[in-house]
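Protein chains in written order, with our numbering: chain V, 1 to 732; chain Z, 1001 to 1662.
These aren't lab readings, by the way, just hints derived from the structure by calculation.
Incorrect hints may have been included.
[To be verified] Some chain V residues judged to face chain Z by a derived CB distance under 7 Å, without partners named: (1) 2; (2) 83; (3) 109; (4) 234; (5) 440; (6) 556; (7) 559; (8) 561; (9) 565; (10) 569; (11) 682.
Glycine included, every Cβ here is placed at the ideal spot set by N, Cα and C.
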Amino acid sequence: MSKIIASAAIRGSHKVFRQAEELLQKVIAEKGEDYHFEFPDTAYALPMIYGITGFEVKTLKDMKTALRMTQDLLHDEPEEKIWTPYLGEALDSGMATLFAEEIWLALRYIEGLEPTKDPETGYVYNGFITDTIQRNLGIQLVDGRMPGFAAIIGAAPDDDTAVRIVRELQEKNILVFLSGSSNGDSVTKQLLRKNVELGWDVYIVPLGTETEHTLYALDWAIRASMIFGGMKPGDFRGNLQYQKDRVFAFALVLGELDDVKWATGAGAINMGFPAVCDTDVPVIHPTGVCTYEEVDKELDHEKIVQKAIEVRGLKVLVEKPPIPIAYGSAFEGERIRKEETFIEFGGTRSPAFEWARLRELDEIEDGKINIVGENWKERYEQGGVMPLGILVEVAGRKMQPDFLAIVERRLHHNINEGQGIWHMGQRDINWIRISHSAKQAGFSLEDIAKIHHAMTHKRFSTIVDKVEVTLFTTEEDVVKWREAARTDWKIRDERLAALTDETVDTFYSCLLCQSFAPSHVCVITPERLGLCGAYNWLDGKAAYEIDPTGGNQPVPKGELVDPRYGRYTGVDEYLKQASGGAVETLNLYTIMENPMTSCGCFECIVAIIPEANGVMIVQRGHTGMTPIGMKFSTLAGTVGGGVQTPGFMGIGVNFITSKKFLFGDGGIKRIVWMTKAIKERVKEKFQQIAEAEGVPDLLDKIADETVCEDSEKLVEYLTEVGHPALEMESII
Amino acid sequence: MSEKVIKSADRVAEEIVEWAGAHGLETAFERAERLKPCPIGHSGACCKICFMGPCRLVGPEAEESAQGVCGATLPVVSARNFLRMVAAGTAAHSDHARDMAYTLLEAATGEAPDFTIKDEGKLRRLADIIGVPTGERSKEEIAKDVAEHIISQFGQQKGEISYIKRAPEKRQEVWRKWGIVPRGVDREVAEAMHRTNMGVDQDPENLMTAALRVSLADGWAGSMFSTDITDILFGTPTPRRSEASIGIMKEDEVNIVVHGHEPSLAEMMVEASQEQEILDYARQKGAKGINLVGMCCTANEVLMRHGIPTAGGFLNQELAVMTGLAEAIMVDVQCIMPAIAQAAKKFHTKVVTTSNKGKMLDAVHIEYDEHRAKEVAREVLRLAIDNYANRTTEGSRVHETSPVIAGFSHEYIEYMQGGRFRASFRPLNDAIMAGRIRGVVGIVGCNNPRITQDSVHDYLAKEFIRNDVLVVSTGCGAAACAKAGFMTPETALEMAGPGLKEVCEAIGVPPILHLGSCVDNSRILTVATQMVREGGLGDDIADLPAVGIAPEWMSEKALAIGCYFVASGMYVIFGSESPVDASSEVKEIMTKQWAERFGGKLEFIPDPEDILKKTLEAIDSKREALKLRKYEPGRFGTERKLMTMADRRKLEAAARPHEGVK
């Protein structure tokens, strides 16, 4: 019964609290109270304590204060008979446990014990999850590629069961965190023994060896409400309600539970995350703290994943092409090394291409697969290298030539989501590898065509009626067809380049992020792609055709009220309604007045540097300091959550080389500082624009982190090189 | 030989009553048997408001043809009597509240130095509700303004009482539509007295509507003020374990019964009785210690906040004397039988009256003065200690008690469902929606010696929990359930239906929650409002599958409570006969007309089985109206809505977090 759980959680909280207290005393003795600490790459201090209490822990002294706050949450165990109520008390103890764990882990970082290294295998765990990773994953969180999160604590009864459970979660695209142990074993070790690839790319993230390491996953979750949801630190009701409603996480507890596991679980229940155990534990079925059951059990390992998903109220839609390997976005990041490769196509090894071509409905036959070339089967069976041209022909009543680029871009994902097959590049620089393990599972050349057929239908269900796939396997055919494709691509690129904000009458919104960032609305125009970098105007247009009630809606431009700043009556009207009144008006081409809001998963942040009369641009993942005295992670905290912050804006990288980039503020000539990595990424197109603007050496005049990381040196440098921004009208 | 009449379902009480009978002592139980109620007054047909009468409106066609000297018809007379009772009940609760408000004021100004502000958080929440600025101000500054605001609400002449806005919006509209929003507490009471004076309001409907208006000045003002102020001054209750039974009297300690309603002096007694000097004094007089024992609603107040054991409700007061173990019974106001002073003459017990409003022949009067409150308490304690030596072996001594968990303030009820960070009413609402809990019933009110003491309380409580109905209880109803041993978490495991049991187990609560004294019925209003605000159970209290029951009522205060629950939209059932039984028109008004206008009605049902049946029917029909799943014992569950990404995008943009109890 629940009292057993409550008692265990309360005991566990005291244990974890004492553990943190003792370590804190030791570390204070070593380093002194003023010793400063921050987790790697986060703007959210100790995120759980910060999110719930608003208290920013920066020093050991702060940790002492935080522990005192934690102590207030501890309770006595319920009496054996005629007890007083325990649920609220157990949940408080759970929160206390999370606070104490967070402090303990922070102290372990100071002591150099984190991230944990497995003493037996030498495996280094992930440790604290950075803001960068969180923001990198932003778009996956919202587009269905990563619908949920599982924290597996403990160990499966055997290695095969561990692999089975994790594979099932991967196939459902659920991100898996691993922590803790049971009887000296852990799922991480079990997977390592079975040579299962681990890491963010494959959705399996071992956090650490102890139950306490589960806190890293919860720390990650609690930041989502602040980063994407616009919740304020200290607004615990708002933050926790967000967790319950929008973060679909749950725990799978494998093996026996001890007090610390229960206590950590009680902490997670505060966030609305239920636990499903594989042992015969007491259960808590009444709902309300969690959406459904708080604690449940499922002794059958074949059913435990499905059970947990249901208990969390999650629906995972997985459509798998008819191929003999597992399939899902969790496999997208999987690598295949040379020695694991059975056969490869393209790259620099053989001629190859992939091309989506528009046909009339009566010209192709749906589901038809043509493989052209003599002895293709034998040559495939031999392995090694083979030429491969992939022609995906689509037809549909609602299909438009503009959508081909999108269908074609998805070919990459189509292949990459298969387990044991790998893809990179596009068009005529594509590269595909098929691993020995996929081959052994029965993966044939034909399966490549089958994947494209099934997934093109799935992704473009309402605009594509027929898909026929042809694979060319001889060098002669591949080269011949590649020429035809190149002609088509040239026409397509020219047409895309001609698309401007002026030449269309409709923009598209992107509300995909509203599942996480409820008041943010992206407005996507031909010359301004989504701030995540993943959605451009054509994507929006196609997505709307595919699902007229979906996350991308047409925004009639209306009247252009302000051509310099890019204010349109239609955009304003739409925004008011779609943001629930949070945003009244938007200027598309300026950072200074009513700029675009952000969900939190922007690729870059643009921020003004008044003393340099320009702006700086820093990308997600850059951990160094910037000239405005804030790191990316701190800056990001001021930009996200669907709020307009004049002078600060989240953007997609490719927007930098749009003619509309800060058009109203003076365009790219306003850029005074930009990281080397961004410079590298945009340089080709940037050069063209810089030349057109009459400043061909602009890129060199823009400072980067190798020049300076503070504004004083920046201004010196700009003056020295004669940066045009200094001569421009005042940005403020 | 006739069958033995069981006077009390409280075994210890029954034993004392028997002992008393055998020793030639009389109690209310015997007096009730001997003194049958006057049938004319009992049914509301007697008019004695002017000296042309009293007029008896009786006869075979009294409703149509009977008239008083002035021409008042039976419905007018019954309605007038009823309104007067409700006004008296409101006056009682509200005057109690006024005393509390002045205590708060003087605690804030330092004039009553023994009192401090114990729950600053609640003070600030309250200040926010009534618009008193908080910010950086000290708790004393805020408390002074809050107290003054509340005091002004008693004498307010126009407008609306400020707490009205705590009710669900829809309910407020109903009140405004029918013109029953109270203007000020005293004004409604005075006006009720005026209306019922000879020759004023002669329209039964108008009189009955006035009864609802004056009752709201009790529920949403007087009583609610009192609960809030008491929490601020003495702490908001949280669950604690104690004992219930008159058997709690100790053989080797000085037993002092604190009886009545206002908690201020009782609180001082609690503190003073723990002072070393007082304890030493007791030891010096040969006692091992001081055993403070509560009775009636004073008991509920100190039980909820300090775990002081309760010797039971109203009907146990004489019996406390007859244990021969009570050195003193300290009383203040309301529900105090003058019979105790007479009973005490046969024992060593000193009856100490403390309120200037409530004096009694043959009692010692030590007047309570909040400016020297603790000193008064010490004086009473010393008097009791001095009296210890006078104890004899005379008396009925039973030492059987039942364990009880009490202390369910609405704040704690919210907390217990989610802890400090997730406190809400979501789990309760979910449980009702899923059919784990069928509905909620308040079993409240008095004991009445014309009904076997506690028998209906106990019967209904047992049956409701067996039928998965969560019970909340206050006043003597709570004392009954406590003495019966129902207010323990084990009761849920042993006696509750399968769904209710699961919820009680998850939280760790008894299936019957002790919410406090009779003024604390205001907590039920707050809980009901919170359930409405939490969502899923309609948008008004009238929509909730909830019923209020006072099965063994006797006080005018009970009628005031019943009326404010009806006005708040609830179906209310009183046990025993109706005080307006003579007039079918008045009965029709309080059932049909009130149901149409206010969504609640007041029925008097003597048969306990009938009460049970009607309650369950009412709960089920409210469930049906809410389109909740049909209640089936043992079959429940929330229908899962599994969320796709598209569903998740459609989540209300700013999902409203729980607001917290106001």
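Which hints, by number, does the structure contradict? Hints 3, 4, 5, 6, 7, 8, 9, 10 and 11 not satisfied by this model.
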